[in-house]
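Novice: Sequence:
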Amino acid sequence: MLYNNIVYLYLYEKTIQEDKNMKKVLSLVLSLVLVLSTAAVAFAAGFPDVNSNYSWAQEAINSLSESGVITGYDDGTFQPGKSITRQEAITLFSKALGASEKMNEPIVNLAYGIYEADLAGCEDSYAVKQGAYMVYRKVLTIDEVKEYLSKEKRDVELKRYEAATLIAKALGADAWMKTNPEIDVTFADKDDIPAMALGYVFYATELGIMNGMGDNKFGPNETVTRAQIAVMIRRILDTMDFEYIRGMISSVDTLMNNLSIKTEEGETVKFGVGNSSAIFLDGEKVTLTDLEVGMECVFTFSKESLYQIDAITYEGEETVSGAFRGKVTTNAGTTVKLADITKEEETVTSYKLASNVVIKINGGSGAITDIKNGDYVTIKMSGGLGVSVSAEPKTRKISSVKIENIDTSSNGVVITVLTSDEESVEYTLADNATITRNGKKADFSELAIGDNAELTLDYGEISDIMATGKAKSIEGTIDEITVSSSTSYITISSGGNKSKYPMARDCTITIEGKEATIYDLKLGSYVKLEVSSETVTEIASEAASEALTVTGTIKTINTSYGLVVITYEGLNGQELEKQLFLKDSTKILDTKSGKLLTIKNLNVGNVITAAGTEKLGVYEVSSLMVLQ
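The numbering used here applies: residue 1033 is where the sequence shown begins, and numbers increase by one.
Since the hints were made in silico from the structure, they are not lab data.
It is possible that some hints are incorrect.
As the list claims (entries may be wrong) - Only pairs whose alpha carbons sit at most 25 Å apart, straight line, appear in this in silico DSS-like list of lysine-lysine:
| no. | residue 1 | residue 2 |
| --- | --- | --- |
| 1 | K1502 | K1587 |
| 2 | K1317 | K1210 |
| 3 | K1302 | K1134 |
| 4 | K1532 | K1554 |
| 5 | K1546 | K1560 |
Make a model of the complete structure from these sequences and hints.
Specialist: Okay, structure coming up:
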């Protein structure tokens, strides 16, 4: 079994953290490796050139050739003394990290799809796919792989310090060295080891994956032979203890932190997801809440505990729904027939299901034979096959939900609700839906984020919604306004605190009693908000002071009082002074570095541009940019 480097990284770091004595941990690992590497030797009978001169490598060559990790040549020889090239090294190390595992095949393909464009200059290398996998597993960067597989360097023989670097990176050295910056390389030729590789050489040799060359020398610039790389790969594999399972997610429970999968053999397995479990979706690190039923995943285990999930989505994925027609059986090649409920004349389409399709009946586990004629059925399709099927009665009620979002940017109105199980679910509001709010008939525009609601669904759409909401008044000054085609937001400062609220679509806005729009509101203006279920329904604003901008050179600075005096040129060319007051909330930006500053970072002579308002002769600065 070949193993996953990222998962091993966690285990290795955890071991170090729990023990706190790295030398002791490393010596234990070293002892294990030495025991494993000195087991009884079996001659590689298939390779006549692997003779007694290579007794130290025969077991490794034999086991790796049998598993297909490393192979011989067409003439039946292994050529143990031949140096390996950089692209050969990429191929071998990627295999050691799981690239040759059939279970990991989707991950290899995914990695290549993600990084193919970035590796365009290396497409003619036979190791480009394996290189992409090395990037995906965070062993190498794109730039490092491009260097390894460039036309100029791909056939260059691999040096021992480069091998140590690959080994150490694969086993988590980068993370370890962040907390252990001091290393002690004692080889007599340590000055010949490139500075960037010193830590990796230390790591690889302390783990026992690599050894010295005699006379207390490492030989960093010596080339690596095929026999040597076989031993290194074998030791890496022996150090790890991981297995892989591939399947479809059949359930996700974010409250209990567990999920179930359905394997290709039809077996359902349930397991917990610990805080240490790394979760990736299409190569991006995510959380358990981002995983969905029907996703194909590769699960990495260690001693029956889950340590990593790699989830994959595919191009061409779609979701279809409709009224179920007829009945189904559990025969191979099962199909489900759905009637299109959006058309006046019923059209029925057949959908073929995957062998490990996940079935949900009324939100719980079920069998395909539990679906009844007329049920509302939703099928998630991937690669032309249904990977998950959910069925529910034509009409059903959902109580105790809270409205999280109301989106009108697409066709129709989409309402997102938070269920009693803390799950966010989207539903489309039917055109003829009945809406009541606080006991009165209402329009959808009167619904507010935060409303408690009861829903009636008809073929998956909201046909009836009963909402209730609480109202309150809030006063303060406008700190930020975000305008969106779906939901706009206003942030106000009140009593030293900032609060952000969504605005109802029919929010009433007035300035000094006169009707206005969101675009008429000014930052810093004093406002009174009427809030219903945490959604702003009314905004009454005072007239805003006219925003002013001034550019000049700093003459004096008083950090204690937040005062800055600048000089600037008046309309008639005379030199004028202006006193600026900087508040704690004033944003100060250095345009050269792009960094935010404080008043203590300002200097006399700085050329600045300040924006703010002037009240009673006091210029209050909201933002300031240092130009030079």
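Novice: All hints are to be evaluated individually against the structure, with a verdict given for each.
Specialist: Status of each hint after checking the structure:
| no. | hint | verdict |
| --- | --- | --- |
| 1 | K1502 with K1587 | violated, 53 Å |
| 2 | K1317 with K1210 | holds, 20 Å |
| 3 | K1302 with K1134 | holds, 22 Å |
| 4 | K1532 with K1554 | holds, 16 Å |
| 5 | K1546 with K1560 | holds, 14 Å |
In summary, the structure is inconsistent with hint 1 from the numbered list given earlier, while agreeing with all the others.
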